[in-house]
Amino acid sequence: MSHAAHRYGTVEELRRDYNILVKPYKALDDVDEHTREEAIRKTEAMAKIAYDAGAVNLGRRSGCIGRGDSFDDIMKWKSLQGFFAAFSDKEKLKKALKEYKERDYGISVVAGGLIEEIFAMCGEIGIKPHTILYSLGVWGKTDLLPSEDHLKITTLCGHHMISPAMIDHYVGQIRKGKITAEAASRKLAGPCVCGIFNTDRAASVLTRMAQK
Amino acid sequence: MIIDQETCIGCGECVFTCTVAAIRHGDDKAVIDRGLCVECGNCLRIADCPTGALRQDELTWPRIVRKYFSDNRQPWPEELRFSTGYGRGTDECKTNDRSGRFRRGQVGVMIEVGRPGVSTSFRDVEKILQALIKADIEFEEKTPLTALIKDKGKGLLRDEIRDERVLSCIIEAKIGTEDLEKILPMIRKAAAEIDTVFSLGLVTRLEEGPRSPLDPLFAKLGIEPRPNAKINLGLGRPIFEP
Chain H
1 MSHAAHRYGT
11 VEELRRDYNI
21 LVKPYKALDD
31 VDEHTREEAI
41 RKTEAMAKIA
51 YDAGAVNLGR
61 RSGCIGRGDS
71 FDDIMKWKSL
81 QGFFAAFSDK
91 EKLKKALKEY
101 KERDYGISVV
111 AGGLIEEIFA
121 MCGEIGIKPH
131 TILYSLGVWG
141 KTDLLPSEDH
151 LKITTLCGHH
161 MISPAMIDHY
171 VGQIRKGKIT
181 AEAASRKLAG
191 PCVCGIFNTD
201 RAASVLTRMA
211 QK
Chain L
1 MIIDQETCIG
11 CGECVFTCTV
21 AAIRHGDDKA
31 VIDRGLCVEC
41 GNCLRIADCP
51 TGALRQDELT
61 WPRIVRKYFS
71 DNRQPWPEEL
81 RFSTGYGRGT
91 DECKTNDRSG
101 RFRRGQVGVM
111 IEVGRPGVST
121 SFRDVEKILQ
131 ALIKADIEFE
141 EKTPLTALIK
151 DKGKGLLRDE
161 IRDERVLSCI
171 IEAKIGTEDL
181 EKILPMIRKA
191 AAEIDTVFSL
201 GLVTRLEEGP
211 RSPLDPLFAK
221 LGIEPRPNAK
231 INLGLGRPIF
241 EP
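So the protein lines, in turn, are chains H and L. Everything in the first sequence is counted per our numbering, starting at 1 for the first residue and increasing by one. Everything in the second sequence is counted per our numbering, starting at 1 for the first residue and increasing by one.
Read the hints as simulated data drawn from the structure, not as lab findings. From the three backbone atoms N, C-alpha and C, an ideal C-beta is built for every residue, glycine too. Treat the hints with care, as some may be off.
[Said to hold, decoys possible] Derived CB-CB ranges, DEER-like:
1) H:Lys48 to L:Glu241: 22 to 32 Å
2) L:Ala192 to H:Glu116: 29 to 39 Å
3) H:Val31 to L:Gly26: 53 to 63 Å
4) H:Lys101 to L:Ile2: 46 to 56 Å
5) H:Leu80 to L:Ile239: 15 to 25 Å
6) H:Thr180 to L:Leu156: 46 to 56 Å
7) L:Leu156 to H:Ala183: 41 to 51 Å
8) H:Asp32 to L:Gly26: 51 to 61 Å
9) H:Asp73 to L:Glu79: 30 to 40 Å
10) L:Leu156 to H:Arg15: 38 to 48 Å
11) H:Lys48 to L:Ile9: 43 to 53 Å
12) H:Trp77 to L:Gln56: 19 to 29 Å
[As the list claims (entries may be wrong)] Negatives, chain L to chain H, calculated, CB over 10 Å:
13) Ile32
14) Ile64
15) Asp136
16) Leu157
17) Asp159
[What the hints assert, rightly or not] BS3-like, lysine-lysine: derived pairs with alpha carbons at most 30 Å apart:
18) L:Lys174 to H:Lys141
19) H:Lys92 to H:Lys78
20) H:Lys78 to H:Lys90
21) L:Lys150 to H:Lys128
22) L:Lys67 to H:Lys128
Working from the sequences, and respecting the hints, build out all of it.
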């Protein structure tokens, strides 16, 4: 999921797109039954905090709320895989991070989004960021890339499971009035089961593409 | 993946689901280009094929490598498992506050070949490996790519997988911060020699608070990272400090 660092968009668009990954570390959390159960319990508590804070999407291999799965069903899967969540409002992200800091669960948390905004948030909460993964953009035969609007949606999925043709398909359906941009966005969230796909942001791009 | 030409009725439900545009409308049926298909399985999960013409055929080595890298729900077999056990991913900075995978004075180089959305052959992956090998860098072993390396010292991949295609493949390496100035031109040169794209990421430990040791280098080299990034918040315990 290194691709969460490479979400494409203008600074203004990225101001409404943040994501988190909460991940146990197997070398320390998969030692015995006790460490496993503790890490799973903490991960579940952290997922509930992100959900209650207003994540627009949240998921893991068992499903994601962005495509309509229920939070409780997603969390029935007992696993050390952690979870992903997407936020459209930085204040909601800040609320979740503040609670993580206070409760001191000890599980790794990675936040993706505008560097200046995340650093400012860390300063306000009293978090000292540890490591950063910078994006230096796309290199090579860039003429093979789809349009910028397509990239703004396809890069929302960490594994690139959303095809440009699927976006075009739903843009066509929106133009014909057969589906709303919000419903199309939830359809696009389907292949991205991890839950890092920001359905709000995708709906906004789809709306603009349909108007062109 | 295959589309049975006897039973396909050409409804087109599968065409738009393909992540690499390997499925197209033929004269009156859907046709799949098996050379381009990366076996991600998206079509089978998303398209509602009314006749069952769209099917996953049995994949064997080396073609199954496509699925291991492109379908994040396909587990790697135990004997080829060098990373998370699924897909093309690595732990990169995700748990660095607890693992110490990247330490002060080191830079992680993350080259995701084929991303975003172009896909890649392993022939192009090998070209980049060979460009980097000249710089005497340390390749990360805990990545899915390790399963495909024939000669690490020469940057060679197994012969039989070179023409296999995947959605993307991550090359992860570690260098000293002081070597970044030397490595970046090599990466730029490799970029000009491949028939695909790659997303380039650099991982570094932050200093006191958000200060990055790479900022002076970026300024010197005239490089402007994108305004968004992935940041490990240092909330893991026990925290790895060196």
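Find the hints from earlier in the document that the structure breaks and name them by number, from lowest to highest. Result: hints 21 and 22 break, sorted rising.
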